[in-house]
Amino acid sequence: MLNMGGKVNILEHELVPRHEIVPPEEAHKILKELGVEPWQLPWISLNDPVVRAIGARPGDIVRIYRKSPTAGTFIAYRYVVPEVTKKS
Amino acid sequence: MSDAESKLEEILSNVRPYLTPQLYDELSEKLRDAIKKHKLTLEDAEKIAWEAVERYRKALVEPGEAVGTITAQSLGEPSTQMTLRVFHYAGVREYNITLGLPRLIEIVDARKRPETPITEIYLSEDIKRNPEKAVELARRIELTLVENVAREINIRLGMGIVEVELDPEMLSNKGVTVEQVVEALEKLEIGSVEISGENPYKVIITLSDEYLDPSKTVKVRTMISQAYIKGIKGIKKTIIQRRGDEYVIIAEGSNLEEVMRVPGVDWRRVYTNDVHEIELVLGIEAARSAIIKEIYNVLSDQGLDVDIRHIMLLADMMTWTGHVRQIGRMGIAGEKPSVLAKATFETTIQKLVEGAVMGEEDPMVGVTENIILGQLPPVGTGVVKIFMNLLATRPKEGEGG
Numbered sequence: 006m007l008n009m010g011g012k013v014n015i016l017e018h019e020l021v022p023r024h025e026i027v028p029p030e031e032a033h034k035i036l037k038e039l040g041v042e043p044w045q046l047p048w049i050s051l052n053d054p055v056v057r058a059i060g061a062r063p064g065d066i067v068r069i070y071r072k073s074p075t076a077g078t079f080i081a082y083r084y085v086v087p088e089v090t091k092k093s
Numbered sequence: 519m520s521d522a523e524s525k526l527e528e529i530l531s532n533v534r535p536y537l538t539p540q541l542y543d544e545l546s547e548k549l550r551d552a553i554k555k556h557k558l559t560l561e562d563a564e565k566i567a568w569e570a571v572e573r574y575r576k577a578l579v580e581p582g583e584a585v586g587t588i589t590a591q592s593l594g595e596p597s598t599q600m601t602l603r604v605f606h607y608a609g610v611r612e613y614n615i616t617l618g619l620p621r622l623i624e625i626v627d628a629r630k631r632p633e634t635p636i637t638e639i640y641l642s643e644d645i646k647r648n649p650e651k652a653v654e655l656a657r658r659i660e661l662t663l664v665e666n667v668a669r670e671i672n673i674r675l676g677m678g679i680v681e682v683e684l685d686p687e688m689l690s691n692k693g694v695t696v697e698q699v700v701e702a703l704e705k706l707e708i709g710s711v712e713i714s715g716e717n718p719y720k721v722i723i724t725l726s727d728e729y730l731d732p733s734k735t736v737k738v739r740t741m742i743s744q745a746y747i748k749g750i751k752g753i754k755k756t757i758i759q760r761r762g763d764e765y766v767i768i769a770e771g772s773n774l775e776e777v778m779r780v781p782g783v784d785w786r787r788v789y790t791n792d793v794h795e796i797e798l799v800l801g802i803e804a805a806r807s808a809i810i811k812e813i814y815n816v817l818s819d820q821g822l823d824v825d826i827r828h829i830m831l832l833a834d835m836m837t838w839t840g841h842v843r844q845i846g847r848m849g850i851a852g853e854k855p856s857v858l859a860k861a862t863f864e865t866t867i868q869k870l871v872e873g874a875v876m877g878e879e880d881p882m883v884g885v886t887e888n889i890i891l892g893q894l895p896p897v898g899t900g901v902v903k904i905f906m907n908l909l910a911t912r913p914k915e916g917e918g919g
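Here the protein sequences line up with chains E and D, keeping their order. Residue 93 is where the first sequence ends in my numbering, and the numbering goes up by one at each step. Residue 919 is where the second sequence ends in my numbering, and the numbering goes up by one at each step.
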């Protein structure tokens, strides 16, 4: 079998869109453009498997290239936060 | 020609910042096509490009539009229609699956485990068109315990032995050999295991002294019946289905992490209907896609046509904090900053008492609380505030008062 011992990389899973860390200078520009404070962006937990895989740190902003049925590719941002919210 | 080409490039690059990448690609492709086929002039092409921008901007949601309320209505109304029909549809084909309103409630309540977890296991390129290989893989994944292949388990304390009679039919059905059962029973380390001389499908365990205690009989029986032979924990039953030109394993139960590691499984496409598990293994963005997919499937199965953007907004709200949270009192509705808004949902008195005891203040910035008090809610034109510049109303110098 071909896949024998093949490593599983969750970043390549069909459901996981492309995530990338936005460099700080660019992040400032984006926040200004959107007119928001970082915490007003949607959050992503530090323990999120994708965050761990790309090595983002708390305070980073992650750019997500979502596949959207209405807009093709849609760029969304999430703010990396440490585990503060209780798990629901 | 290259001159016209560069002019077109310029026109397109002018409108680019106003459009989404997908719209831009479509526009530039169609314009080039029209110029070639229908001799469209560049002036007209420019007009069309700007018209596209104009139309796109008109289709955008305006500031102050109450999208949340519209979403709630658009999802709420069809789901009331659903209740009447749902129970006739439950239980499709070989496996049971929660559908309709119960499933919708399950998703928006963000339950830890769905009532009927189902995993869709796609196979890797080399074996996906081979039904025999698919069956073999399905057998390897399916959790098989001794009780699944045993007809009878008799404990004969007087003789200090346990007789496990196996069912030949079940053995071949699950693809298990008697030797594998023996191996599984040996791992329990409760005595020596051998195949009976008179019946090849009978396994005899001679218990060691410490397990001869009559008070342990029940424990020994459970240990034997639950002895693990093969498979993945949590995957109970598998069915092979044909989808297009490939075979797919549909498994009852769900264990995403383990299933993805099985060789021969196309782990890039493994899917489960357990949103919580997807969040744990693949992250919040995958969970968001899963919520959208699941809700959309529930609604379209019932023949209800709800715009996907409503579902997307719902999924965005549910995944806002980085974890999947439910819509209800313990989630989104319960985390609103306003006491009055919380009180409108489910436990009115409790929330009002809580607010009073804690001395909470209500900033009155939300929609609900303003409607309760009969004030203008911050929706539509209500989002704009007007202040009067009092200095400007003063009579200017020289003018009479």
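Think of the hints as simulated: they come from the structure by calculation, not from any bench. Mixed in with the good hints there might be a few duds.
[As the list claims (entries may be wrong)] With a cut-off of at most 30 angstroms between alpha-carbon atoms, the simulated DSBU-like pairs for lysine-lysine come out as follows:
id, chain 1, residue 1, chain 2, residue 2
1, D, K854, D, K754
2, D, K754, E, K12
3, D, K651, E, K72
4, D, K692, E, K12
5, E, K12, D, K630
6, D, K692, E, K37
7, D, K630, E, K72
8, D, K854, E, K12
9, E, K12, D, K651
10, E, K12, D, K755
Just so you know, these numbers come straight off a predicted model, no measurement behind them.
Practice task
For the pair supplied as a hint, K854(D) and K754(D), confirm whether the alpha-carbon distance does not exceed 30 angstroms.
Solution key: Status violated; Cα separation ~41 angstroms.
Problem - 30 angstroms Cα cutoff - pair K12(E), K755(D) - result: Holds. K12(E) to K755(D) sits at ~26 angstroms (cutoff 30 angstroms).
Problem - Given hint K72(E) paired with K630(D) - CA-CA distance at most 30 angstroms - result: 26 angstroms, holds
Exercise for the section: Would you mind confirming whether the straight-line C-alpha gap from K12(E) to K630(D) stays at or under 30 angstroms? Expected result: Distance of about 28 angstroms is within 30 angstroms: holds.
Handout entry: Distance restraint between K692(D) and K12(E), which requires alpha-carbon spacing of 30 angstroms or less
Key = 28 angstroms, holds
Handout entry: Proposed proximity, K37(E) with K692(D) (alpha carbon, max 30 angstroms)
Key = Given pair K692(D), K37(E) is violated - Cα atoms ~61 angstroms apart, limit 30 angstroms.
Practice task
Given the hint that K754(D) pairs with K12(E), test it: the Cα-Cα distance must not exceed 30 angstroms.
Solution key: 25 angstroms, holds
Problem - K651(D) paired with K72(E) [C-alpha distance capped at 30 angstroms] - result: Not OK: K651(D) and K72(E) at ~33 angstroms, beyond 30 angstroms, violated.
Problem - Restraint status (C-alpha distance of K854(D) to K12(E) at most 30 angstroms) - result: Status violated; Cα separation ~43 angstroms.
Practice task
Assess, step by step, whether the Cα of K12(E) is no farther than 30 angstroms from the Cα of K651(D), and give holds or violated.
Solution key: 21 angstroms, holds
Going through the hint list in order, the structure does not satisfy hints 1, 3, 6, 8.
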